[in-house]
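4 protein chains.
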Amino acid sequence: MPECLVFRVRTRHPADVSGLDALIASGAVAPEEIVAVFGKTEGNGCVNDFTRPLAVMALEAALGARLGLSPAEVGARVALVMSGGTEGGLSPHLLILARREGPAGEARAAERRALAVGTAFTDDFAPEEIGRMAQVRATASAVERALAAAGLEDIADVHFVQVKCPLLTSARIREATARGRNVATHDTYASMGLSRGASALGIGLALGEIDESALDDDVIGVRSDLYSGRASASAGIELMRNEVIVLGNAPGWSGPLRIAHRVMRDGIDLPAIQEALADLGFPVAGQLAPEEASRVVALLAKAEPSGNGLIRGHRHIMNDDSDINATRHARALVGGVAAAAIGRTDLFVSGGAEHQGPDGGGPVAVIAAAG
Amino acid sequence: MPECLVFRVRTRHPADVSGLDALIASGAVAPEEIVAVFGKTEGNGCVNDFTRPLAVMALEAALGARLGLSPAEVGARVALVMSGGTEGGLSPHLLILARREGPAGEARAAERRALAVGTAFTDDFAPEEIGRMAQVRATASAVERALAAAGLEDIADVHFVQVKCPLLTSARIREATARGRNVATHDTYASMGLSRGASALGIGLALGEIDESALDDDVIGVRSDLYSGRASASAGIELMRNEVIVLGNAPGWSGPLRIAHRVMRDGIDLPAIQEALADLGFPVAGQLAPEEASRVVALLAKAEPSGNGLIRGHRHIMNDDSDINATRHARALVGGVAAAAIGRTDLFVSGGAEHQGPDGGGPVAVIAAAG
Amino acid sequence: MPECLVFRVRTRHPADVSGLDALIASGAVAPEEIVAVFGKTEGNGCVNDFTRPLAVMALEAALGARLGLSPAEVGARVALVMSGGTEGGLSPHLLILARREGPAGEARAAERRALAVGTAFTDDFAPEEIGRMAQVRATASAVERALAAAGLEDIADVHFVQVKCPLLTSARIREATARGRNVATHDTYASMGLSRGASALGIGLALGEIDESALDDDVIGVRSDLYSGRASASAGIELMRNEVIVLGNAPGWSGPLRIAHRVMRDGIDLPAIQEALADLGFPVAGQLAPEEASRVVALLAKAEPSGNGLIRGHRHIMNDDSDINATRHARALVGGVAAAAIGRTDLFVSGGAEHQGPDGGGPVAVIAAAG
Amino acid sequence: MPECLVFRVRTRHPADVSGLDALIASGAVAPEEIVAVFGKTEGNGCVNDFTRPLAVMALEAALGARLGLSPAEVGARVALVMSGGTEGGLSPHLLILARREGPAGEARAAERRALAVGTAFTDDFAPEEIGRMAQVRATASAVERALAAAGLEDIADVHFVQVKCPLLTSARIREATARGRNVATHDTYASMGLSRGASALGIGLALGEIDESALDDDVIGVRSDLYSGRASASAGIELMRNEVIVLGNAPGWSGPLRIAHRVMRDGIDLPAIQEALADLGFPVAGQLAPEEASRVVALLAKAEPSGNGLIRGHRHIMNDDSDINATRHARALVGGVAAAAIGRTDLFVSGGAEHQGPDGGGPVAVIAAAG
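Residue numbers (UniProt numbering), protein chains in the order written: chain W, 1 to 371; chain X, 1 to 371; chain Y, 1 to 371; chain R, 1 to 371.
These aren't lab readings, by the way, just hints derived from the structure by calculation.
Remember, it's a predicted structure, so these values are computed and weren't measured experimentally.
Hints may contain errors.
Stated by the list, open to error - A few chain R residues facing chain X, derived, Cβ under 7 Å:
(1) Ser18
(2) Asn44
(3) Val47
(4) Phe121
(5) Ser254
(6) Pro256
(7) Asp320
(8) Asp321
Unchecked claim - Derived CB-CB ranges, DEER-like:
(9) Ala289/X with Asp218/W: 57 to 63 Å
(10) Ser26/X with Leu67/Y: 31 to 37 Å
(11) Arg265/R with Leu67/Y: 57 to 63 Å
(12) Ala22/Y with Ser18/X: 32 to 38 Å
(13) Ala76/R with Ser26/W: 26 to 32 Å
(14) Ala293/W with Ala278/X: 19 to 25 Å
(15) Glu101/R with Asp279/Y: 39 to 45 Å
Every residue, glycine too, gets a C-beta built ideally from N, C-alpha and C.
Starting from the given sequences, assemble the full structure and let the hints guide the process.
Encoded structure:
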């Protein structure tokens, strides 16, 4: 029986792999068990956030040295999902996800479920495919492969699907234009939203939350009523394909970890976080006490400014601020609300929740050890 | 018996006084009753935040038209405390504080206390006095006059002291230098912190929280162990004096409003907010329900990045971010935590808490109507 | 015979009208002669640049007090064109444009031309008209009225047409949506470009540079080959109509001032500036000497990042920078090039040159006294 | 006889080494000949600019693969000077400096001079040494070793000394504090200026421009009258030592390249650039024509906001802008002025010129091939 292990390690800067090295050196995880790394890095999380490729380069070098692989071979094997932006009080860190094969003959009750992980990748996209149905369909297909890899047969057992997806740069737009192709947008910042949106619709399609007949190029980034409640997508300059990681509670997996999720209806939806915590057996009255919080291995959430400029009827200024991008404001806000619940700041709050939960809201998942 | 009234009105932009106009037109408050206006405006809250003087100019024009006074005369009479920065989800708004004289002969039990307000102003400072003991002492003296005006004889009844204070600009530094005077700093952004710090030490001196023998120019901005737990200071380009507003629960005042406060030990101290709410009779388990939240007239809090770069042992990046000023991150964080508690975003969270609470923390006060 | 006077005064902050006051007090200009004020203010020049309304509020109050008019009446009479953004070394300042009626009987040769100014305003636009043909056509009509007011009958005599135009905010979009109307864009920053672009196309239409048959809603902001070489448009939050000021050398006007212009083909086109200077009789070899520069009353230029991400084949990063908006980079660049030519930094360089000159370039005009 | 070769290659992003690879593959330079790489990368050039370590990591990997060395061994051998910040129109690029040993027996007249290069490194600094006399003295010593390596015996032949130096981060400050040491500043952004300033004073000391008796910890960053006219220092998070590269025209070197320099007295000093060009035989009247510009291999300049907030008497807003750091404004300005002269944007303009030229100015050097 396999077990999904999750380790949370601090980073002192985006290229810091000392925590990962120490983890491996301690014997807690073997490098070949690692299937994915989620990282919060301290860039702006927008087009020119080079903390993400810096972290990827450092992780590929560190894991490559351990595994005897080139950086490209590491990247082909391990999903490296760097999410830029630690605004407000968020703390840069890595989440190391590993799959360990359990001892033979260990029998468990069929109804027992434990945290399960599966990964899959699409092929590289051409620039003109980003933010369009080609990306939606390729993502849906990859999600299905990842679910199969995790043994997640019941869609109700799926609690979080993370996708790392590409964005358009001026150079990529020029390259496509030179081939006579038009791209979904010439605004590089806007391309991040379209890429995340197309990826989320692909997740929703695979999870049965969205009907394929409702989808075409024109709804991407427009029809905010079409969304997945379990999708999380981050766009980055460092890749051209989609990388998919599914997380759920699957039969046939062992270990103490479980995952739960809720959909935050807006950026200040503390009750949604507390309900997910309650699913995992936590007492819910204000902030978790330190001994309780220590059971929480990871909180994963998406943050987004509402398109109508309001939170529960009150004006926010995220969309009108030309100094700080709206997603940066949104991450800071949701990071504050999540830290209020957990009492800790090393939380994986990622920005830009197009088609990932309702307008202005987004999914939140918690992974915790059984109490 | 006087009553302290507090009204919260939305603004659509920094110069928007339509909410104030409507309030006066409705008869809810008479213009001559208004003693102070607290405003959250949507600028950067730093040196070049011109949303504050824009709001002041608009408020002075609006109140001047009602009162038959010039803008300068309004400014001399009403304390206009604009705090820039509505990062994260914070919503721009105004808090209108008014003092209404009650009907004669209304007898109350002596032990009954209600929200009380008092204001006082220092003289204009010279640039070389900003961030130094001259500002500390003048502030302490003004706080004492404001306490007397409010009838707050017992220091334990004082829950919040707001000061609006000036900052240094390049032009002001040049002017002082031309007179042969040296200023506390040539870094205009740093001058905001020194001015807030000196003001807070003045409050702590007046409230007996700090001993005068511990104070000199060199401790300002340096000795983070010296602080007031009830001080809130905001620096702005639009004035050269300190404006002081004290808030407390005083005998001899009437009306349904009460104030409570706590000191947040760090930026994610949700329990501190919940304890202040408990003092005012609110049930505390997660976020306030809407019907409870409607009793909360105002939440006033200070936000600050911790100097050691950590929140409960985890690294934050506020002090190393050269794109977004640290106070902007801190406001977004505390705004998220406070919104998690109250379920609303029109909260008066102000940045830069030097000598206002412990390093990385700050005071929080809640004003609410009796349940 | 009328004379067009142009005064350049410094500002210490966006609300500083002391220079204007001193100018009037000196008798150099009478308040009723002032027809327009161009201002460079120190905001971000983007959506949330409140330095523009602050300057307008201060100017309206100052001129209103002199003219015995309300602020609104001043605004209806004088075109107040505030352009935010003094990046790089640009220096905040005001250009006061006045029309003085000359003494009767002063005879001049018909072929003699001097600087002439004319102004006109459109009606307020609805949010859904911004960035669309309704704005194009209303602007063209206003330009024609302004040309007539200036006596500029020969289009070849027109050297610069400045338009101040509105932008969309979240609130304005909500208002239009509530009425069942759709707006040109939901991205408030993008709305600035569409509004400037529609205004510039209107100028080009009026000046015969663009054929009306080439225009429809879909070309606005898209067909960069359609442009006016004499158009300059600035978008601001503080108005809902277009305000038009035309400048040229017209027969029937007196005084020592003349204007010349060229089209900068890119942001580093120093030769274009030097050719405009040569038209006005300046020796051109490197930077103007101080005694020559003192004859230059104003330099007016537009700045824009090229859409293909290149300047003469070399990559620029303006369009990929999510920390600083592209127009801010462009203003800093063109400000540096113009200051290299003139030897001074109080230059009116305005950002966002959609349909104002070729992609990545823009018009530049110089007003100077005869040598 | 040695020859100093300088190659300029474009980068598509901070980790792009394809231009370097192509250069080596073409046979134009052998990897073991490379002694230094100067890079302009597209980060903010401030504390959290991770484009610099990303470029260093990519260059070390690329050169290491060619040389059979580990990244650390490459770093110990080749000076990698990454300067963040390509504001305005500046274009990211690399300058590859190589030393090629010439054929034996090639005789030249003794008075003939050609471009010469020398490098040297200090030991790693402790955090508490940064921005203090320890850094000044160690830098002076390294400059002397670099001069000796280049055969630059006559100080008048030295035209540019580049230093890459470290900065303080919150983590480094904590580390020093934990050892009981105090650091020069707790403001991480300010530490960059102190480190650059101490490095420049060390250069001035070695070049005889500054007398050692004038120096102590207290003058660093304060006495702007103490400066080197040939110093250029860039601070970065990616190293803890100073790396020194000296450039001059030395006897005993061969090849077509020569270097000249001038001191820009302020940010718009186009004449200074033109005088340096004239030293190298360029005709000077406006912008270089493309065929002339092609002879210019590199322009190296420092940019800085003047401390008094003025450029030739006109206010600039660099020091009062809390959204964009002052050095970013200054680079954009000087980049515009230099591009006006050269007609090209791939120029090495670096920010923060403390003790590098007069207040608000800085050195500029041009390397060109003989005409």
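Here's how the hints hold up against the structure:
A hinted interface residue such as Ser18/R counts as satisfied when its beta carbon comes closer than 7 Å to some beta carbon of chain X; here the least separation is about 28 Å, so the hint is violated. Of the supplied interface hints, the one on Asn44/R holds, with its beta-carbon coming within about 5 Å of a beta-carbon of chain X, less than 7 Å. For Val47/R, the interface hint holds, the least distance from its beta-carbon to any beta-carbon of chain X being 5 Å, beneath 7 Å. Interface hint status for Phe121/R: violated, as the beta-carbon distance to the closest one in chain X is roughly 26 Å, over 7 Å.
The interface hint given for Ser254/R is broken, as the beta carbon of that residue sits about 43 Å from the closest beta carbon of chain X, more than 7 Å. Given hint, Pro256/R at the interface with chain X, is violated; its Cβ is 40 Å from that chain's nearest Cβ, farther than 7 Å. Given the 7 Å rule on beta carbons, the hint for Asp320/R holds: about 5 Å separates it from the nearest Cβ of chain X. Contact between Asp321/R and chain X, as hinted, is supported at the beta carbon level, the nearest pair being about 5 Å apart and thus within 7 Å.
Checked against the hint of 57 to 63 Å, the C-beta distance between Ala289/X and Asp218/W comes to roughly 40 Å, which is inconsistent with it. Between Ser26/X and Leu67/Y the C-beta distance comes to about 34 Å, which sits within the given range of 31 to 37 Å. Distance hint for Arg265/R and Leu67/Y: a CB-CB separation of about 44 Å, inconsistent with the stated range 57 to 63 Å. At about 35 Å, the beta-carbon gap between Ala22/Y and Ser18/X stays in the expected band of 32 to 38 Å.
A hinted range of 26 to 32 Å holds for the C-beta pair Ala76/R and Ser26/W, which are about 30 Å apart. For the pair Ala293/W and Ala278/X, the beta carbons lie near 22 Å from each other, so the given range of 19 to 25 Å is met. Take Glu101/R and Asp279/Y: their Cβ atoms lie about 55 Å apart, and the range 39 to 45 Å is violated.
Violated hints, listed in ascending order, are 1, 4, 5, 6, 9, 11, 15; each of the other numbered hints is respected by the structure.
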